[in-house]
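Chains as they are written, first to last, in the numbering used here: chain B, 1 to 366; chain L, 1 to 306.
Keep in mind that the hints were calculated from the coordinates and are not lab data.
Every value quoted in this text rests on a predicted model; they were computed, and no experiment measured them.
Far from chain L by the CB rule (all over 12 Å, computed), these chain B residues:
| no. | residue |
| --- | --- |
| 1 | A83 |
| 2 | V102 |
| 3 | T124 |
| 4 | A209 |
| 5 | R220 |
| 6 | L289 |
If you only want the chain L side, here are some residues facing chain B, beta carbon under 7 Å, derived:
| no. | residue |
| --- | --- |
| 7 | L126 |
| 8 | V134 |
| 9 | F221 |
| 10 | L229 |
| 11 | G230 |
| 12 | T252 |
| 13 | A253 |
| 14 | G255 |
| 15 | W257 |
| 16 | G264 |
| 17 | I267 |
| 18 | V268 |
| 19 | V271 |
| 20 | L272 |
| 21 | T275 |
We treat Cβ as the ideally placed atom computed from N, Cα and C, and that holds for glycine.
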Amino acid sequence: MTAPTVATPVVGEARQAADVPGTSAARRRLLTYLLWRFLLIVPMVLILVTVVFFLMRLTGDPITAALGGQLPPDELAARVHAAGFDRPLLEQYLEFLRHLAVLDLGTTLTDHQAVTHVFTTYGTATLELVSYALVVALAVGLPLGALAAHRRDTPTDAGLRVAAVLGYATPLFFFGLLLKLVFSLWLGWFPVAGRASLQSQTALDTLVAPSGIFLVDALRLGDPAVVLDVLHHAVLPAVALGLLTGGIFLRLVRTHVAGTLATDYVEAGRSRGIGELSLVSRHAAKPALVPVMTVMGMQIAGLLGGAVLTETTFEWKGLGYVLTQYIQARDYVAVQGIVVLLAVVVALMSFLVDVLALVVDPRVRY
Amino acid sequence: MLAHLRRSTGLQRGILVTGLVLTTVVLLAALLAPVLAPYGFAQLADDAGRFGSQQPPSAHHLLGTTVGGYDVLSRVIWGARTAVLVIVAGVSGSLVLGVTLGLVSGYVGGPLDRVLVVVFDAMFALPGLLLAVVVAIVVSGGQASLVGGVVSAAVAIGFVFVPQYFRVTRAETVRLRDAPFVESARVVGVPGTRILAGHVLRNATRSLPLIITLNASESIFTLAGLGFLGFGIEPSSAAEWGYDLNKALSDTAAGIWWTGLFPGLAIVVTVLGLTLVGESLNDLADPRLRRRRAVRVPTVATEVTP
Chain B
1 MTAPTVATPV VGEARQAADV PGTSAARRRL LTYLLWRFLL IVPMVLILVT
51 VVFFLMRLTG DPITAALGGQ LPPDELAARV HAAGFDRPLL EQYLEFLRHL
101 AVLDLGTTLT DHQAVTHVFT TYGTATLELV SYALVVALAV GLPLGALAAH
151 RRDTPTDAGL RVAAVLGYAT PLFFFGLLLK LVFSLWLGWF PVAGRASLQS
201 QTALDTLVAP SGIFLVDALR LGDPAVVLDV LHHAVLPAVA LGLLTGGIFL
251 RLVRTHVAGT LATDYVEAGR SRGIGELSLV SRHAAKPALV PVMTVMGMQI
301 AGLLGGAVLT ETTFEWKGLG YVLTQYIQAR DYVAVQGIVV LLAVVVALMS
351 FLVDVLALVV DPRVRY
Chain L
1 MLAHLRRSTG LQRGILVTGL VLTTVVLLAA LLAPVLAPYG FAQLADDAGR
51 FGSQQPPSAH HLLGTTVGGY DVLSRVIWGA RTAVLVIVAG VSGSLVLGVT
101 LGLVSGYVGG PLDRVLVVVF DAMFALPGLL LAVVVAIVVS GGQASLVGGV
151 VSAAVAIGFV FVPQYFRVTR AETVRLRDAP FVESARVVGV PGTRILAGHV
201 LRNATRSLPL IITLNASESI FTLAGLGFLG FGIEPSSAAE WGYDLNKALS
251 DTAAGIWWTG LFPGLAIVVT VLGLTLVGES LNDLADPRLR RRRAVRVPTV
301 ATEVTP
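Construct all of the structure, not just a fragment, from the sequences and the given hints.
This is the structure in structure tokens:
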């Protein structure tokens, strides 16, 4: 989200100075920009953490929220005192920040686990799901968007646009539910839920130091049956989460490719006899990839939010799944910790995408 | 809206009309829920006895009954009322807050402006649903009661949208702050609050109707998402589509399709209607995208004799 505002002036500057790419001055400027962009993460995370902390404490302490009404008042007060939730809020906030600096977000109230441990254990599953979804989104959005642009104002284009609007109007969890109903219950093509069959799960459990990313673990195991099983389980959740973002990519690519298709250099290519397929896929689509990169950065927050819903639908045991479990148990220490860590991840990812967009766009030279 | 309708032609008019029709259907369902719905949203039995749980669609229950023994059709219709209530409350609340802060921040500038921009930008980065979850926890205190449920959903949704309204209004205000007509008002000695309310506000909020329709559809997702994650309004206090979808999740595994399909379709219809209206408003507001009504030119025979 900061990419367009921060990167654009740099483009202009670079042009004005007529820099030759690769000179030391240009490289220094790139490093300065990257450093600043990286440092921007700190205030962003700090603000989010502060907002979440004070919001969660607005109505009381987590222990009363979780156990209020279940314990006699004096015992409750003792538990609150023991956990330090009866101290001044500012003192608690400063302590929270001190612990956050060393990535200590406390232990969950219900099952007494370190929040960071919960995060790393379940985070890999979410990472795997979001990666698959991105693959689906790109595989659907890019070619179909280019197709819609090439066949602009034809029935193909209209059909694709209607599908994109319908895709936008369908909530993720309803789409997931329909997929489940049609493809796993009626047609029986895919498993109903979970990340692997019991058999594969036991095979995966034998691994020493598993990565938690099932595909990687299955490949390490070297058993093709397990690899297939893991991929088989991933299809429906990945499609449910990926098609949503794919629809956004489709519309974006359509708009931009339609623009570049009308340019002189494409016309020149056509007059030289370059085939239509190569014209669209190589000449017209490449410039359209830059806005896709930028939007991808903005979509990461949306994808993570969507992952929470998809995981609940498909019992995919990732962060979203465990988050809903903690919400239902009213374990607000866990909820607060997971939300804060997710915010950190979103900030880091959007930084990475910004950097990647710099690398991809040949117009931004340093 | 009528002016827009008159200005549109062909496909664009079709899109706008479809959107308006779908939106009207939802609004009517919300208004006339007591008349339209065969049963109450929390009704479990009638004179003939209890409805029974997970009954397939029949003459008695056109869309079947849920796992909790409610009539699906009635809950779908009553759900429109909850959705409309929450959207109106949530969007108008965030609109007032976001626009006010955006106006003041953009006009006054200085450190206040800088702090607000950074704070709202940061809030923009968090998944909206997660922010809504946090706010819903705070407002309802974990308890989902009647008014508490609607209010907490509205506040949670509103909270997510404040940054958007803030951004748009602030950007416009900054642009207008030094416009000649604002400057002349200042020179004449018009007080700051009147400049903001009278001169800047009307001009800075022109693009908001589009954002409002888009946000309205997004707030349906957030409301249903909250319900789906277990922050729903209790079924005895109001009907909410997301809650019903959550309960339908386990039905699906048993092949029971009617409990999930219909609340889901209700969401699709509502969002589709709002999106189509928003899209065509966007196209019609932009003269470059607007298709002009074809002027019928009398065909004159222009035969050219070789």
